[in-house]
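With the hints as constraints, model all of the structure from the sequences given.
Going down the list, the sequences are from chains A and B.
Those letters in the first sequence? Residues 1 to 113, per the numbering used here, in order.
Those letters in the second sequence? Residues 1 to 112, per the numbering used here, in order.
None of these hints come from the bench; they were simulated from the model.
Just so it is clear, the structure is predicted and the values come from calculations on it, not from any experiment.
It is possible that some hints are incorrect.
Straight-line C-alpha distance at most 30 Å; calculated DSS-like pairs for lysine-lysine [stated by the list, open to error]:
#1 Lys68/B <-> Lys57/B
#2 Lys57/A <-> Lys37/B
#3 Lys14/A <-> Lys57/B
#4 Lys71/A <-> Lys42/B
#5 Lys42/B <-> Lys57/B
#6 Lys42/B <-> Lys70/A
#7 Lys71/A <-> Lys9/A
#8 Lys71/B <-> Lys22/B
#9 Lys58/B <-> Lys37/B
#10 Lys22/B <-> Lys58/B
#11 Lys68/B <-> Lys58/B
#12 Lys58/B <-> Lys71/B
#13 Lys57/A <-> Lys58/B
#14 Lys42/B <-> Lys58/B
#15 Lys9/A <-> Lys42/B
#16 Lys37/B <-> Lys71/A
#17 Lys57/A <-> Lys68/B
#18 Lys22/B <-> Lys57/B
#19 Lys57/B <-> Lys37/B
#20 Lys9/A <-> Lys57/B
#21 Lys22/B <-> Lys37/B
#22 Lys57/A <-> Lys22/B
#23 Lys70/A <-> Lys9/A
#24 Lys14/A <-> Lys58/B
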Amino acid sequence: NAGVTQTPKFRVLKTGQSMTLLCAQDMNHEYMYWYRQDPGMGLRLIHYSVGEGTTAKGEVPDGYNVSRLKKQNFLLGLESAAPSQTSVYFCASLTEGRPYEQYFGPGTRLTVT
Amino acid sequence: GENVEQHPSTLSVQEGDSAVIKCTYSDSASNYFPWYKQELGKGPQLIIDIRSNVGEKKDQRIAVTLNKTAKHFSLHITETQPEDSAVYFCAASTGSARQLTFGSGTQLTVLP
Numbered sequence: 001n002a003g004v005t006q007t008p009k010f011r012v013l014k015t016g017q018s019m020t021l022l023c024a025q026d027m028n029h030e031y032m033y034w035y036r037q038d039p040g041m042g043l044r045l046i047h048y049s050v051g052e053g054t055t056a057k058g059e060v061p062d063g064y065n066v067s068r069l070k071k072q073n074f075l076l077g078l079e080s081a082a083p084s085q086t087s088v089y090f091c092a093s094l095t096e097g098r099p100y101e102q103y104f105g106p107g108t109r110l111t112v113t
Numbered sequence: 001g002e003n004v005e006q007h008p009s010t011l012s013v014q015e016g017d018s019a020v021i022k023c024t025y026s027d028s029a030s031n032y033f034p035w036y037k038q039e040l041g042k043g044p045q046l047i048i049d050i051r052s053n054v055g056e057k058k059d060q061r062i063a064v065t066l067n068k069t070a071k072h073f074s075l076h077i078t079e080t081q082p083e084d085s086a087v088y089f090c091a092a093s094t095g096s097a098r099q100l101t102f103g104s105g106t107q108l109t110v111l112p
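Following this line, the structure appears as structure tokens:
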């Protein structure tokens with residue numbers, strides 16, 4: 001079991017460029033989440049999904065889009081990156097066995113110049 | 001929406017001493033309160049959690065207490081060790097999708 005994996009680990013973008021972050025989980029979890037982590041602000045929810053084909057907005061969704069075409073994958077897209085999107089991005093998924101515990105991936109560090 | 005406040009932002013203790021981190025939440029509908037430990041360069045990892053129908057839970061050197069009336073919960077670490085040094089986050093869960101709202105984190109340093 002790899003758990004939750006994220007691709008890539010690091011990325012540098014120029015303002016206006018686009019990219020997609022990939023989250024994959026092999027635990028057959030229904031729920032998946034994208035968070036961003038900024039210094040002194042904890043983790044903030046960007047978007048989430050309660051199942052294949054579903055997505056919903058979290059606390060800070062502006063500038064991001066998501067897709068959940070397959071149950072095991074949750075993609076986070078930045079269409080036109082801005083310096084304010086410089087952050088560490090974490091993906092998480094929710095276990096069925098203990099229905100409240102979220103498992104987190106190792107993170108993607110994104111810098112927008 | 002939910003708002004979670006966490007104090008202190010930094011905490012230094014001597015090895016063997018106890019550490020206490022406190023959080024308050026605003027939404028009385030929140031029903032699950034996890035604590036996560038994050039080591040440098042890694043994702044958060046659950047260390048203990050408590051449901052709203054329980055007042056206290058303990059797991060070896062770690063305990064969590066919940067006061068629903070006052071809307072606050074605390075993490076207690078006893079007999080601290082250098083490997084306890086990390087950033088700790090509290091969170092509150094509400095909503096049908098079990099979304100988490102996180103506190104701003106506490107950098108715990110255990111001095112040998």
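Report task. Given the hint that Lys71/A pairs with Lys9/A, test it: the Cα-Cα distance must not exceed 30 Å. Result -> Holds, at about 22 Å.
Query raised in the report: If you draw a straight line from the CA of Lys22/B to the CA of Lys57/B, is it 30 Å or shorter?
Result: holds, 15 Å
Query raised in the report: Can the restraint linking Lys9/A and Lys57/B be considered satisfied, given a maximum Cα separation of 30 Å?
Result: Violated, at roughly 35 Å.
Requested in this report: For the pair we were handed, Lys58/B and Lys71/B, check the Cα-Cα distance against 30 Å.
Outcome: Answer holds: Lys58/B to Lys71/B is near 19 Å, not above 30 Å.
Requested in this report: Would you check the hint for Lys68/B and Lys58/B, treating anything up to 30 Å between C-alpha atoms as holding?
Outcome: holds, 18 Å
Query - Restraint check for Lys71/A with Lys42/B, where alpha carbons must lie at most 30 Å apart - result: It holds: about 24 Å lies between the C-alpha atoms, which stays within 30 Å.
Report task. Compare the distance between the alpha carbons of Lys57/A and Lys37/B with 30 Å, and conclude whether the hinted pair is satisfied. Result -> OK: Lys57/A and Lys37/B at ~26 Å, within 30 Å.
**Report entry** Satisfaction of hint between Lys70/A and Lys42/B, Cα-Cα up to 30 Å
**Finding:** holds, 26 Å
Report task. Assess, step by step, whether the Cα of Lys42/B is no farther than 30 Å from the Cα of Lys58/B, and give holds or violated. Result -> holds, 25 Å
Query - Pair hint outcome, Lys57/A versus Lys58/B [Cα-Cα no greater than 30 Å] - result: Roughly 35 Å separates the two Cα atoms, so the pair is violated.
Query raised in the report: Within 30 Å, alpha carbon to alpha carbon, are Lys22/B and Lys37/B?
Result: Roughly 14 Å between the alpha carbons, so the hint for Lys22/B and Lys37/B holds.
Requested in this report: Could you grab the alpha-carbon distance between Lys9/A and Lys42/B and see if it respects the 30 Å cut-off?
Outcome: holds, 11 Å
Checked against the numbered hints given earlier, this structure breaks hints 3, 13, 20 and 24; the rest are met.
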